Amino acid sequence: MIEFHEVHKSFGGKHVLQGVNLQVEKGESLVIIGGSGSGKSVLLKHIIGLLHPDLGQVLINSKDLSALNEEHLNEMRKKFGMLFQSSALFDSMQVWENVGFGLKRHTSLSDKEIREIAVRKLKMVGLAGIESVMPSELSGGMRKRVGLARAIAMEPELLLYDEPTTGLDPIMADAINDLIKKMNEKLNVTSVTITHDMKSAFKIADTIAMLYNGVIIEKGSPDSIKKSQNPIVRQFVEGRAEGPIVIEGIEA
Amino acid sequence: MANMIVRTIEFIGALIERPVMALGRVFLLFFSVVKNIPKPPFEIRNTIRQMLEIGVNSLPVVLITAVFTGMVLALQSYTGFKRFGAEGLVGSVVALSMTRELGPVLAALIVTGRAGAAMAAELGTMRVTEQIDALETLATNPVKYLVVPRFLSGMIMLPALTVITDIVGILGGYFVTVILLGVSSKKYMTATWSYLELQDIYIGLIKACFFGAAFTLISCYKGFYTKGGAEGVGRATTGAVVYSSMTILISDYFLSALMF
Numbered sequence: 001m002i003e004f005h006e007v008h009k010s011f012g013g014k015h016v017l018q019g020v021n022l023q024v025e026k027g028e029s030l031v032i033i034g035g036s037g038s039g040k041s042v043l044l045k046h047i048i049g050l051l052h053p054d055l056g057q058v059l060i061n062s063k064d065l066s067a068l069n070e071e072h073l074n075e076m077r078k079k080f081g082m083l084f085q086s087s088a089l090f091d092s093m094q095v096w097e098n099v100g101f102g103l104k105r106h107t108s109l110s111d112k113e114i115r116e117i118a119v120r121k122l123k124m125v126g127l128a129g130i131e132s133v134m135p136s137e138l139s140g141g142m143r144k145r146v147g148l149a150r151a152i153a154m155e156p157e158l159l160l161y162d163e164p165t166t167g168l169d170p171i172m173a174d175a176i177n178d179l180i181k182k183m184n185e186k187l188n189v190t191s192v193t194i195t196h197d198m199k200s201a202f203k204i205a206d207t208i209a210m211l212y213n214g215v216i217i218e219k220g221s222p223d224s225i226k227k228s229q230n231p232i233v234r235q236f237v238e239g240r241a242e243g244p245i246v247i248e249g250i251e252a
Numbered sequence: 001m002a003n004m005i006v007r008t009i010e011f012i013g014a015l016i017e018r019p020v021m022a023l024g025r026v027f028l029l030f031f032s033v034v035k036n037i038p039k040p041p042f043e044i045r046n047t048i049r050q051m052l053e054i055g056v057n058s059l060p061v062v063l064i065t066a067v068f069t070g071m072v073l074a075l076q077s078y079t080g081f082k083r084f085g086a087e088g089l090v091g092s093v094v095a096l097s098m099t100r101e102l103g104p105v106l107a108a109l110i111v112t113g114r115a116g117a118a119m120a121a122e123l124g125t126m127r128v129t130e131q132i133d134a135l136e137t138l139a140t141n142p143v144k145y146l147v148v149p150r151f152l153s154g155m156i157m158l159p160a161l162t163v164i165t166d167i168v169g170i171l172g173g174y175f176v177t178v179i180l181l182g183v184s185s186k187k188y189m190t191a192t193w194s195y196l197e198l199q200d201i202y203i204g205l206i207k208a209c210f211f212g213a214a215f216t217l218i219s220c221y222k223g224f225y226t227k228g229g230a231e232g233v234g235r236a237t238t239g240a241v242v243y244s245s246m247t248i249l250i251s252d253y254f255l256s257a258l259m260f
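The listed protein sequences derive, respectively, from chains Y and Z. So for the first sequence, my numbering puts the first residue at 1; every next one is plus one. So for the second sequence, my numbering puts the first residue at 1; every next one is plus one.
What the hints contain is simulated information worked out from the structure, not anything from laboratory work. Note that this is a predicted model, so its numbers are computed, not measured. There may be inaccurate statements among the hints.
[Unchecked claim] No farther apart than 20 Å at their CA atoms in a straight line, the calculated lysine to aspartate or glutamate pairs in the EDC-like style are these: (1) Y:LYS79 - Z:GLU43; (2) Z:LYS35 - Y:ASP91; (3) Y:LYS45 - Z:GLU136; (4) Y:LYS78 - Z:GLU53; (5) Y:LYS104 - Z:GLU43; (6) Y:LYS181 - Y:GLU25; (7) Z:LYS39 - Y:GLU70; (8) Y:LYS104 - Z:ASP200; (9) Z:LYS39 - Y:GLU75; (10) Z:LYS39 - Y:GLU71; (11) Z:LYS227 - Z:GLU136; (12) Y:LYS63 - Z:GLU43; (13) Z:LYS227 - Y:GLU25.
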């Protein structure tokens, strides 16, 4: 469903992606792990066309995203849902308007119908009675849930999660993991998650890929990643400061 | 020697690279706005909300500025004109200065300070909190959704505010000249009408329309391309007001010279 062929991307002289090759099958839950600043978010933004490769191709259902015009790209995006790290809720709108934003813009449903759908989606993520609240009044965990409800509102085929558990307490993080797992099973979607939270990765992944120095250095099932012989993967999975991975800004 | 020349050229190049790039991006944004105006869906609700923000909510401060500008204009020109017995011409001076020059420029500067700053801060915050990215992932063109309504509202509401500024300024002048300084009402009104031509009014309105387009475009540009968190939003807001005001004042001269 998603294919990366030799994708390169630079920002102002910094070569972030250095030839990424990656495949995600339909219905698969892929988790991309990697350190802060390793380019995980950049990778994710290529899937939804927020960024385009300098070199190489990103294919979704065999279509090259860079070759699509705006209308076609937007048609494709209607089948995608994305949960942002900061939730990215529209702070000028009530919760239900946030959840129903895509429906309001791309369907002819009435406000009443959209509100009903929004309430249903909010219920799916475990929220009730907050549809008229403004996002600024919600806690971080609730904002993530609303963000997730917005991402699934248009019944997407592909869900993208940008660090879904970052900034949450461990219990809330686990609840979000459960929710993601439930969504993936219940809605039968393909999903790509980026995270550096290994607990989360092992819980929600069918496949884990590690991004390091701008390339995917290993990809496999959670079990094979746990047993990986690659010292870089081992260091990351075990969360050790000593090892082959150079931490930016810290002298060896 | 050759080395020095190369270094000088490099220095000049580095100096102008960023402004030229910024200007290029402002024009790209402008073309994108123009391209998106005729495309449905028409953001009517959004546009009306922006018209209220730019126009109606700016009214109190525009009214106060206009009335006092008209008053001080009358007071100063009365003092000067009295020296050669031309007090009767105060009305013309107030009317011509307000319609041709002060109406559009003052309205534009005030609205820039209020609505332009707010626009840059709002879009800047949306950028740094990924709300603009979120719009795109929800298959919504952010230029169409955010910039076009602001741009159109600026172009419509600034001329409207200018008309009000003109009228209130002239009334302010009337108050000082007639009621405080005792020139006859008939004299003031005759001086106002006899030298004021339709052309003076529409030149002012064309300027206002241009200023409305310029300040919204610059403010939206600054907000839209904000980088670097809260500090970036602050910089974008300051930049929006400074560059919009400069553009208004500089282009005012050239527009005046063009339509002289």
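**OP:** Against the structure, test the hints numbered earlier, and report the numbers of the ones violated in rising order.
**Re:** 1, 2, 4, 8, 12, 13
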